[in-house]
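For reference, the chains in residue letters:
Protein chains: 2
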Amino acid sequence: MIEYGDWIISASGYKTHVPQHLESLFCQSNGYIGSRAAFLQDGALPYERCTYMAGGFDYISPGITDMVNLPDPFHFMLTITGSAPGRDDGSYSEFVQRLNLKNGLYTRDTVWTDGQGRQTAIKISRFISMANRHTAALRVELTTLNHNGEAELLLGLDSGILNLPVHDDQTLVNDNTVKMLEAAVGTSGHGACALTVRSRTGRLTIDMRCRVTHSDGSQEDGSAADCPARRLKIRLRQNQTVTVEKLISVNDPDGPPSGDFAALLEESGRAWALRWENADIEVEADDPAIQTALRYNLFQLMQSRPFGDPNVSIGARGLTHSRYKGCCFWDTDIFIQPFFLYTDPAAARDLVRFRLNTLPDARENAKALNLNGARYPWMCAVGGREQCHTWDIGRSEVHITADVAYAVDQYMRVTGDGSVSGDAARLLAETARYWASRFSYDAQKDIYNLLFVKGPDEYCGVSSNNVYTVLLARHNLRLALKAAENGCDVSPAEREKWEEIIEKSYVGYDAGRDLYLQDDDFLRLEPFDFGNKAGDTPVYRKLDYDRLQRYRVLKQADLVLLMLLLPGLFTDSQKQAIWDCYEPITLHDSSLSCGIHAWAAAALDKRDKAVSYFKKSLFLDLENIMDNTGAEGIHIAALGASWQAAVFGFAGLSADGPGEPSLSPKLPEGWRAMRFVFHSKGKRYRAEITTEGCSVHEYKEERQ
Amino acid sequence: MIEYGDWIISASGYKTHVPQHLESLFCQSNGYIGSRAAFLQDGALPYERCTYMAGGFDYISPGITDMVNLPDPFHFMLTITGSAPGRDDGSYSEFVQRLNLKNGLYTRDTVWTDGQGRQTAIKISRFISMANRHTAALRVELTTLNHNGEAELLLGLDSGILNLPVHDDQTLVNDNTVKMLEAAVGTSGHGACALTVRSRTGRLTIDMRCRVTHSDGSQEDGSAADCPARRLKIRLRQNQTVTVEKLISVNDPDGPPSGDFAALLEESGRAWALRWENADIEVEADDPAIQTALRYNLFQLMQSRPFGDPNVSIGARGLTHSRYKGCCFWDTDIFIQPFFLYTDPAAARDLVRFRLNTLPDARENAKALNLNGARYPWMCAVGGREQCHTWDIGRSEVHITADVAYAVDQYMRVTGDGSVSGDAARLLAETARYWASRFSYDAQKDIYNLLFVKGPDEYCGVSSNNVYTVLLARHNLRLALKAAENGCDVSPAEREKWEEIIEKSYVGYDAGRDLYLQDDDFLRLEPFDFGNKAGDTPVYRKLDYDRLQRYRVLKQADLVLLMLLLPGLFTDSQKQAIWDCYEPITLHDSSLSCGIHAWAAAALDKRDKAVSYFKKSLFLDLENIMDNTGAEGIHIAALGASWQAAVFGFAGLSADGPGEPSLSPKLPEGWRAMRFVFHSKGKRYRAEITTEGCSVHEYKEERQ
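Each protein sequence line maps, in turn, to chains B and A. Numbered per the numbering used here, the first sequence finishes at 704, counting up by one with no gaps. Numbered per the numbering used here, the second sequence finishes at 704, counting up by one with no gaps.
What you were told as hints is all true, and nothing was included just to trick you.
The list makes no distinction among identical chains, and a pair is therefore deemed to hold if it is satisfied within one copy or across any two copies.
Derived DSSO-like pairs: lysine-lysine, alpha-carbon spacing no greater than 27 Å straight-line:
no.	residue 1	residue 2
1	Lys367	Lys533
2	Lys542	Lys367
3	Lys683	Lys700
4	Lys102	Lys700
5	Lys533	Lys606
6	Lys606	Lys666
7	Lys700	Lys681
8	Lys15	Lys123
9	Lys102	Lys683
10	Lys123	Lys102
By construction, these hints were calculated from the structure, which means they are not laboratory data.
Let the sequences and hints guide you as you build the complete structure.
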C-alpha cells in the first residue's frame with residue numbers, strides 16, 4: 001500500500017473515512033503541536049480530527065488527565081459548483097497522499113469528478129513549522145479540468161472537537177466521548193479568524209488564529225457556533241489554478257506569521273535540514289525501501305522531540321494519538337532517549353531535565369505508597385504524578401524508577417555534561433532510598449526479595465524478584481553510592497543498607513544452564529501452545545491476561561533487553577543462554593520488542609534473525625504490522641528501538657565508555673554501506689561502514 | 001447513641017443532614033424493596049434518598065451495572081403555618097427515632113418549635129410490608145401544642161432521584177452522580193398518584209402508586225416535573241391530632257392496597273411473627289443490650305431475604321445501600337446462607353437455586369478467561385456474569401467458585417433436600433472442570449500449583465497456593481467425584497485428573513510448628529508494626545494496599561475460617577497452631593472477620609476472646625464500629641457471622657453430619673440461658689441451653 005520513494009512515502013486511493021493507518025502515518029508535528037492527517041472534508045468525526053499540544057493535558061476526573069484534543073486548525077470544507085468532493089455523488093479518479101521526509105510537507109493530489117462529470121484537480125498541502133513552533137499552514141489549489149464553475153471554500157478554526165479517552169487496559173474499548181474544550185470565543189473578519197478556547201478545568205487556554213489569502217474570488221464571514229470561519233467564493237476557469245492559503249498560529253501572541261506558504265515552508269525546511277544533518281543514517285541496501293523506511297523512523301522521532309521545553313516529555317505515541325491518555329512511560333528513557341543522546345544532545349538534556357524536574361512528584365508517588373525516596377510513575381502527564389490506575393501495572397511495573405536512573409546516568413556518560421550532576425546525584429540518592437524501602441528483607445534466609453513486581457514482559461503475572469528489575473535496581477543503588485562519594489548528602493547507614501541490598505538481593509539463576517531466570521514463577525509456568533499465535537495479531541486479543549500469565553511465554557524482551565543495557569553484567573555464555581531460552585518463547589506482541597531483538601541478534605552475530613527483527617521494527621507502523629497504527633498512533637518507542645538496532649546493533653557503535661568511540665559493524669546481507677553522524681562527549685563524529693571496513697572520525701563542518 | 005430497649009432500638013437527636021449511620025440502621029426492607037431512612041424533609045439529596053429493588057440493576061456502561069436508586073416512595077414535604085420543620089428558622093425540642101424489631105415499624109416522634117415559638121408534635125411512621133412485597137406505607141400525625149395553624153403537606157412519588165456509583169476500590173471516592181431513571185410519566189388526581197418510570201436502558205420499569213387519605217383538610221394536585229404529588233391543606237387546632245396516610249404500591253398491578261395503615265401494619269406484623277418464631281434467639285445475659293443487638297442482627301438478615309425469588313440473591317449490603325454496585329459476593333454463600341439454612345430452608349433453597357440457575361453464566365466467565373467448566377463471579381448483579389473489574393481482586397479471588405460448591409453441598413447436607421441434586425451434580429462437575437484447568441502442573445516437581453490467587457485475606461498480595469483456596473478447591477473436586485459416582489456425566493480421564501490434583505496440589509506447611517502457611521509468600525513478608533493500627537479505623541485508610549501486601553498482617557480470617565468450614569481436615573493441634581499464628585496478626589479490617597473469630601475462639605474454648613469478638617461483630621453496624629455504616633449500609637455478612645458465632649460457637653450446634661443434631665455449649669460469662677429453633681433435614685428442633693445443661697428436641701407446634 002505504501003510506496004517508498006526517495007525521501008518520500010506515498011499512498012494512493014480514497015476510502016470512506018474510518019480511523020485509518022494513513023492518518024497516523026501522515027501525522028505532522030514539530031514537537032509542540034501535532035496533528036493527525038484527518039480532514040473534515042472526508043467526513044472525519046469530531047474525535048477523529050486530532051491536534052495535540054506538548055504538555056496539553058487537562059483533568060477528566062480528580063487526579064486523572066487526558067491529552068486535550070485541540071480545535072482543528074486545518075478545518076476546511078469545499079464545494080465545487082454545489083458538489084462536495086468525497087461526500088456527494090461523484091468519485092475521486094486520482095487520490096495520492098505524499099509525505100516529504102526532508103521538509104515535513106504533506107500533500108494530496110486528487111481529481112474529483114462530480115455526478116455531472118465535472119472534473120477538478122484539488123491539491124491540499126500542509127505543514128507544521130519546524131522553525132517556529134507556533135506556526136502551521138494549509139494550502140488548497142483548485143484547477144477545473146473540463147468546466148468553468150464556482151467553488152465555495154469554508155476555512156475555520158473548529159472547536160467542536162471531542163476527546164475519545166482510551167482505557168489503559170488495551171483489551172477494553174471505550175466509545176464515550178468527552179468534551180474537553182469549553183467557553184470558545186471566536187471572531188472572523190478582515191481575512192482572518194481568531195479563536196480562544198479553554199479546556200475543561202481551565203488548565204489550558206488555546207489561542208488559535210489564522211489568516212486566509214486567495215489568488216481569486218471574495219471572502220466573507222462564515223462562522224458557526226464554536227467555529228469562526230471565512231467563506232470564500234471563487235470563480236473557477238478551466239485549467240486556471242486558484243490558490244488559497246491559510247496561515248495558522250497556535251498560542252502566538254503575534255498571531256499568524258507574515259509571509260506566504262512557500263516562504264514559511266522554506267524556513268521550516270531549513271530547520272529540518274539542520275536536524276537531518278545530525279540524525280540521518282544513510283544506508284546503501286539492495287532494497288531501497290529500507291533507506292526510506294529508516295528515514296521515516298528518524299523523521300517521526302524528530303517530530304516527537306519537545307520544542308526546547310524541559311517541562312514536557314514524549315508520550316508513548318508522541319503527538320500522533322492520545323492512546324494511553326498521552327502519557328509518557330519508560331519508553332522515553334530506555335527506547336527514545338538514546339536517539340537524541342547521540343544525535344541531538346540538547347533534546348536529550350531536556351528529556352533528562354524533565355525527570356530531574358519531576359523529582360518532587362516522584363517523592364510524592366513514593367509517599368503515597370508509604371515508601372521512602374522517589375518513585376517515578378509508570379505513566380505521567382502533567383508533572384510526574386502516577387497516572388496509571390490499574391493495579392497489576394501501575395503498582396507493579398516498578399522498574400521504571402531504575403530505568404530513569406539508568407537513563408540519567410547514560411546521559412552524563414555519553415554527553416559528558418557535568419552541569420546536571422548535582423541534580424542527578426539527588427535523583428540517584430532519592431531513587432536509591434526508594435529501592436531500600438521497596439525490597440523486603442527475609443531474615444530467615446538473609447536475603448532481600450523484591451516482592452510483587454512485573455518486569456518489561458507484560459505476559460508474566462505480578463511475581464517476585466524479576467531479574468530485570470532487581471539488577472537494574474542494583475545498578476541504581478551503585479550509581480547512588482558513586483554519587484554519594486562525590487558529596488551528595490547520604491548517611492553511612494544508608495550507604496551500608498544500599499551495599500547490603502546490592503549484595504543480598506535475590507536473583508534467580510539456573511547453574512546447570514548458566515541461565516538467569518526471569519522471576520520466581522518462571523520455572524513453574526505452563527508450556528505455551530504456540531499454535532495460539534496466528535500471524536501478527538497479538539495473543540492478548542485471543543487469550544485473557546489472566547490465562548497468559550500462567551504460560552511460559554513472553555510478550556517482549558525482558559532479560560534480552562537487560563543484557564544490552566548492562567552488557568558488563570553478563571558473560572558471553574550467559575548472554576547466549578538468555579537468547580536461547582527466551583527468544584524462542586517471545587511473541588513480540590509489544591512494539592518495543594522487535595527492535596531490541598534485532599540489536600541483540602546483531603550483538604550475538606545472528607545476522608538473519610537480526611535483519612528479520614529489524615524489518616519488523618522498521619515497518620511496524622508503515623505496514624501497520626500490529627494492526628493498531630490507525631487506532632492508536634505511531635509507536636514512538638519502536639522507532640527508537642529501530643535506531644538502536646541500526647546504530648548499536650548493525651554499526652556496533654560503542655561510545656558510552658571512557659575510551660574513544662568505536663564501531664563493531666555487523667551489516668546485514670545486502671547492505672553495502674551505512675553512514676551517520678553522532679555526538680559523544682561534546683564532539684561530533686562521522687561513522688562510515690562499507691563492505692571494505694569502517695571508520696569513525698571527528699566531524700566539525702556544520703551547515704550555517 | 002443507640003438505646004437498646006425490649007425489641008426496640010432507638011436514637012435521639014436531630015442532625016443537619018449528612019450520610020448518616022442512622023439512615024442505614026433504620027433502613028427498612030422486605031427483601032423485595034428496601035428503603036433507607038433518609039427524608040426530603042431533612043434535606044436529604046437526590047442520591048441520599050435511596051430505595052432499591054431486589055434484582056433492580058441496570059447498565060451504567062457496557063457490561064457494568066449499578067443497583068438503580070428507585071423513585072422515593074416516602075417523599076413528603078411539610079410546612080406548618082409557613083415554617084418547614086428542620087429547614088426553616090426554629091428547632092426540634094424532641095426528636096426520637098425508633099425501630100420496632102418485632103414488626104418492622106419505624107417511627108419518629110418530634111416536636112418542632114418554629115421561629116415564633118409555635119410548637120407542633122410531628123410523628124412519622126413507616127413500614128414496608130412483610131406480608132405483601134409490593135406494599136409500603138407512611139403515616140404523618142400532626143398535633144399543634146400551643147397554637148392553631150395551618151399545615152401544607154406535599155406527598156408525592158419523586159423520580160428526581162440519582163445514583164451515586166461507588167468505586168469497587170474502597171480507597172477511591174466518586175462523587176459523580178448518574179441519572180438512572182428516565183422517561184417518567186406521572187398522574188395525580190382523586191386522592192392518588194401514579195408514576196411509571198424506566199431505568200436508563202429500559203431494563204427496569206417501575207410502576208409506583210400511592211393513595212393519600214387524611215382525617216381533616218382538603219387536597220389538590222401538587223405535581224412537579226418528575227414528581228406526581230398531592231398537596232394537602234390542613235387546619236390545625238390546638239391539641240387535636242390530624243392523621244395523614246400514604247399507602248404505597250410498587251409494581252403491583254392492583255395498585256395501592258385497600259385497608260388503612262393500622263390494618264396493613266397488623267398484617268405485616270403477623271408475617272414478621274412467623275419469621276421470628278423460626279429465627280429468634282433468646283439470650284438471658286447480664287447485659288440486656290446483647291439480646292436486642294442480636295435481634296437487630298437477625299432482623300436485618302430477615303429483611304435481606306429475597307421475597308421468594310430464586311433469580312436474585314443478597315448483595316453485600318442487602319437493600320440498605322448500593323455499595324459495591326449492589327453486587328453479591330461469597331458473603332452470601334459462606335456468611336449469610338447458614339442463617340437461612342437453619343431458620344428458613346425455603347429461603348436457603350432460593351439462594352442455592354440462584355447459584356444453580358446462573359451456572360450458564362459461570363461457564364461464560366470461565367470461557368472469557370480461557371478456562372474450562374464454570375467459574376463463579378467474584379461480584380454479580382444481573383445473573384452470574386463477573387462484575388468485578390479490578391485485576392487484583394476480580395481475577396485473583398478465585399475461591400468464590402469453591403465457596404459456592406461448598407454452600408450447595410452444605411444445603412443438601414443440612415436440609416436433606418434431594419430435589420436439587422441433579423442440578424447440584426452438574427454444578428459440582430463444572431466447577432471441578434474449572435479447577436482442573438486453573439491449576440498449573442509443574443512437571444519438574446510433579447505438583448500442581450494454583451498460581452496468581454488471593455484468599456479471603458485481602459491484605460495479602462496476589463500470590464500462589466493460598467491454602468484456603470487450594471483446600472476448598474480439593475473439597476470441591478471431592479464433592480464432584482462423589483456426585484460423579486451417582487451418575488453425573490464425567491469421563492474417567494476427568495476423574496483421574498481430579499484425583500491427581502487432590503493428591504498433588506501444593507499446600508504450604510511448616511512441620512516444625514504443625515502449621516499450614518497461608519500462601520507461598522507468607523514466610524517472606526515483612527513484620528508489621530502494629531503501632532500502625534490505631535483504634536478501629538481500618539489500616540487500608542492509612543497504608544496503601546501495595547505497602548500492606550508486603551507486611552505479614554491479615555485483614556480478616558483466612559485459615560481461621562477454613563478450619564471452621566472444614567474442621568475434619570485439621571487436627572486439634574493444627575487448629576491451635578493456626579489460631580496462635582494468625583489471630584495475633586489479624587487486624588479485622590473486614591467486617592467478615594470478627595464473627596468468624598468469635599466462632600473460632602468459642603470452638604477452641606477461648607471464651608474471653610470469643611465474647612470480645614462477638615460483641616464487635618454484633619455491634620458492628622449498631623455502634624458504627626467500622627465508621628462506614630452510614631456511607632455504605634449494613635454489612636449483611638457480618639450479621640450472618642454473628643449468627644454463626646452464636647449458634648455454631650456459643651451453642652456449639654452440630655447438625656450437618658449424619659447423626660442427630662447436637663449441642664456443645666460454650667456460653668460466655670454472664671449468659672444464663674440461650675434458646676432457639678432450628679431446622680435440620682426437614683425437622684424442626686428447639687435448643688435450650690442454661691447454666692444447668694442443654695437439650696435439643698423436635699418441636700412441631702407452629703403458630704397458625
